[in-house]
Every structure is written in structure tokens, then in C-alpha cells.
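Participant: Listed here are the chains, written in short residue letters.
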Amino acid sequence: MVPGLSEAEAIARAQRGDADSFEVLYGLHKRRVYSLCLRMTGNSAEAEDLTQEAFLQLYRKIATFRGESAFSTWLHRMAVNVVLMHLRKKSLNQVSLDETLEPQQEDSPRRDFGAEDTSLAGSVDRVHLERAIGSLPPGYRMIFVLHDVEGFEHNEIAEMMGCSIGNSKSQLHKARMKLRDLLKSSRAEKALKR
Amino acid sequence: MTCAEFQKVLPDVVDRGGDAAQDAHLRSCPACSELLADLRLIAQQARQLLPTHDPHPRVWENIRATLEEEGLIRSAPVRMHHLIPFSHAAVPWLATAAAIALLVFGAVLFRRDFSEDRLAVARVSSSPASSRTQELTASNQQGGNEEEQLIRQIAAEHPTLRDTYENSLKQVDAYISDAQRTVEQNPYDEEARQSLIRAYDQKAMIYQMGLSRSME
Numbered sequence: 003m004v005p006g007l008s009e010a011e012a013i014a015r016a017q018r019g020d021a022d023s024f025e026v027l028y029g030l031h032k033r034r035v036y037s038l039c040l041r042m043t044g045n046s047a048e049a050e051d052l053t054q055e056a057f058l059q060l061y062r063k064i065a066t067f068r069g070e071s072a073f074s075t076w077l078h079r080m081a082v083n084v085v086l087m088h089l090r091k092k093s094l095n096q097v098s099l100d101e102t103l104e105p106q107q108e109d110s111p112r113r114d115f116g117a118e119d120t121s122l123a124g125s126v127d128r129v130h131l132e133r134a135i136g137s138l139p140p141g142y143r144m145i146f147v148l149h150d151v152e153g154f155e156h157n158e159i160a161e162m163m164g165c166s167i168g169n170s171k172s173q174l175h176k177a178r179m180k181l182r183d184l185l186k187s188s189r190a191e192k193a194l195k196r
Numbered sequence: 008m009t010c011a012e013f014q015k016v017l018p019d020v021v022d023r024g025g026d027a028a029q030d031a032h033l034r035s036c037p038a039c040s041e042l043l044a045d046l047r048l049i050a051q052q053a054r055q056l057l058p059t060h061d062p063h064p065r066v067w068e069n070i071r072a073t074l075e076e077e078g079l080i081r082s083a084p085v086r087m088h089h090l091i092p093f094s095h096a097a098v099p100w101l102a103t104a105a106a107i108a109l110l111v112f113g114a115v116l117f118r119r120d121f122s123e124d125r126l127a128v129a130r131v132s133s134s135p136a137s138s139r140t141q142e143l144t145a146s147n148q149q150g151g152n153e154e155e156q157l158i159r160q161i162a163a164e165h166p167t168l169r170d171t172y173e174n175s176l177k178q179v180d181a182y183i184s185d186a187q188r189t190v191e192q193n194p195y196d197e198e199a200r201q202s203l204i205r206a207y208d209q210k211a212m213i214y215q216m217g218l219s220r221s222m223e
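Respectively, the protein sequence lines represent chains D and P. Here the first sequence is numbered in the numbering used here, starting from 3 and rising by one per residue. Here the second sequence is numbered in the numbering used here, starting from 8 and rising by one per residue.
Heads up, some of the hints might be wrong.
BS3-like, lysine-lysine: derived pairs with alpha carbons at most 30 Å apart [claimed, not checked]:
#1 D:K186 - P:K15
#2 D:K92 - D:K63
#3 D:K91 - D:K171
#4 P:K15 - D:K171
#5 D:K91 - D:K63
#6 D:K171 - D:K186
These are computed hints drawn from the structure, not numbers from a lab.
If we strip away everything but chain D, and leave its shape as in the complex, we get (with noise of 0.2 Å):
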């Protein structure tokens, strides 16, 4: 009796159309696809249609994986890369990230912190920042997924989105800034409740 199918076997036997490999690969990697794609976006439906595309995709070019690259890189560029042509048909670009930047933002230093005790030190939780996260204008959510969350680096953000290395390096930057802002808000919003 096989205890458990490995990752490998299951690629080679799906190579070979088995259904069971399918479903195996399927439930290893649908969490990892579908977060992902639901941070990108922001909305169920949409992370669910192109979930179900990025592993249609990756079942019809499964029998050119060679193994050059890690299974799991390789099905996460591919789901990237459905999410990025998806919002590129949404008209989503990089000049609407600049567009919903506030201009006080750029031009001075933060010395703004009036209130005591300003630090986010031991107040951000995964569902604070998660949801803070899902607060983010689209652009700026992209590149702190793509980062951030997911550990893409600048020079492979930079491909894949089509601009500058120094823009990814700007936009993570600003979507830092405006989480750090949303996680303040939030709190101060908290501590009026009680």
C-alpha cells in the first residue's frame, strides 16, 4: 500500500492524465493560489474564477514542467501572472497607484506623532493586517503582496508588472506608509469603542 502520494509522483503520474494526481496537486497548492489571489484582489468571485484559471493553465502546460524550478514556483509565477493579466483587462496600471497618492505624503517628514505611545509595536495581528491589507488601493495591495506576503523580489516585480525597479521600490514604499496609517487609524478607532 502507497502511505501518500509525494509531490513528484503526483506531477508525473498527472503528466500522464491520472485524475487523482490532479486532485492531489490541486489540494496542495489551492490555499497558497487562492490567498493569493484573494490578496491581489480584493474579492472572492474574482479570486475563485482566476484560481480556477491559473490551475487550468497549469494542468495544460504540465507536461513541459521539467523540474528546472521548484513545482510550486512555477504554479505561483503562473498564478501571478494570471491575477497581473487580469487587473492589466480591469485598465489597472501603474499611473492610477500614483494617481491615488496624497501629495502631503511626499513633501515633508512625518514628525506628526502628537499621541503617546504612536509605536504599531505589539497592536498588529494577522487579522488587523490583513485587514488593512484589503483596505489598500489596488496598486499599492499588488506590490505589497507581490513583496511583501508573497517574497517576490523588486527585479522580478519589475518584470512581470512591466516598470522600473525603482518604481517597485517607490510603490512598496508608499503601500507601507498607507498600512502603517490604516493600522493606526484602526486602532485609535478601537480604543473610542471601549
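Following the hints, complete the assembly by docking chain P onto the known chain D.
Facilitator: Coordinates of chain P only, in the frame set by chain D:
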């Protein structure tokens, strides 16, 4: 170095650290020091975010149907993700596991429409949601043995899927622990409670799929 000069290079300092001049500025400027600490905390916490959302089972059904239409996979028995009625003549533990899954996880009746955006804030009064999360937590603690039996049954019937279900259950249990901790720390946070209920929702889906599989 002024704050303006420091904040021009802040993105690089967050990810790679600062040079001597930048470190000196941080030692003398609480505002920039705090800003840097906050941005690093956000980046660090983001790296620890795990994939926590599972797609609806219909996603797999749609994938499977499309692949069969395209002839990329061979036909196999239809996978049922909806509830399967069973009789008491079935293996007793299956009845117990299914009953627990149905009674406890089925308590989330207001979450049955999966076309809704999972990130939308549910408008639930605090008392009913608090009671619900307490019930789910208590029942989840009783479900450990049934989890092991489910995995053993799946391993016996479909050995190739054992690891998949075992890993899925481990991941969702970790998600539940994390969400429980958040609720304990933030008892008045409705979204935290909704996260916990979503976590149980996911576990219920895994149970349903596993029970379907083990009955084939």
C-alpha cells in the same frame, strides 16, 4: 542628517539597514526611529501571513469538468462536495464524525452563500456571535479523534490522498488556533470572530469532502 534626508533613503533602510550616518540620525530622532520600527514590523508581519483561505469546492469541480471536456484527464467518479445522507448501518464513527461536523460547523448557517465576498464585514450582534464561537471552540476540541479516524479511513480507501487531507486539516487547525488567539485578545472585535468562524467553515468543507471520499 535631517529627517527629510533620512526619509528619502528610508525604503532601503527598512529592507537593508542603514549606514553610520543613518544610524546616528536614528539614535537622535525618536520620530524617524519609530517610523522605521513600524515599517519593519509591517514587513515582518506580512512575511508571516500564511495562506489561510480555501476556495469553494466548486472551483475544483469546475476545473475537473473542464479538464475532462478537454480530454486532459481520464473520467473518474463524480466527486460530491455536498452532504451525503448516511444511515446508522454505516460505520458508527462515520455517523459520529458527520453528526459533529453537521451540528457544530453547520451552526454557521448565515455563511452558506459562497458568492459573497469573504472579506466583507458581517453585521452580527456581539452576543450571538460570541456564543457561536464558544460553541464551535468547545466542539472542535472534541473532534480530534474523529479527525484521526477520517484520515485513516481516507488512507485505507484512497492512499494517494491521505497526505493531502492530513495537511489540509493541520493547516486549518493552525488557522483556527491563530484565530482563537486573536479573538481572546480582541473579544469585542467582530471581524476577529468572523475570521474564527471562517476558519471553522473551512474545516467543515474539508470534513465534507473527506467524508464524501471515504464513502465512495
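Participant: Indicate, hint by hint, whether the structure satisfies it.
Facilitator: Against the structure, the hints come out as follows:
Using a Cα cut-off of 30 Å, the hinted pair K186 of chain D and K15 of chain P holds, with the two alpha carbons roughly 22 Å apart. With a CA separation close to 26 Å, the supplied pair K92 of chain D and K63 of chain D stays within the 30 Å bound. Simply put, K91 of chain D and K171 of chain D have alpha-carbon atoms about 24 Å apart, close enough for the 30 Å limit, and the pair holds. A C-alpha spacing of about 12 Å is found between K15 of chain P and K171 of chain D, which places the hinted pair at or below 30 Å, so the restraint holds.
The hinted pair formed by K91 of chain D and K63 of chain D meets the criterion: a straight-line CA distance of about 23 Å does not exceed 30 Å. Note on K171 of chain D and K186 of chain D: the hinted pairing holds, with a Cα-Cα distance of about 23 Å set against a maximum of 30 Å.
The structure is consistent with each of the numbered hints, conforming to all of them.
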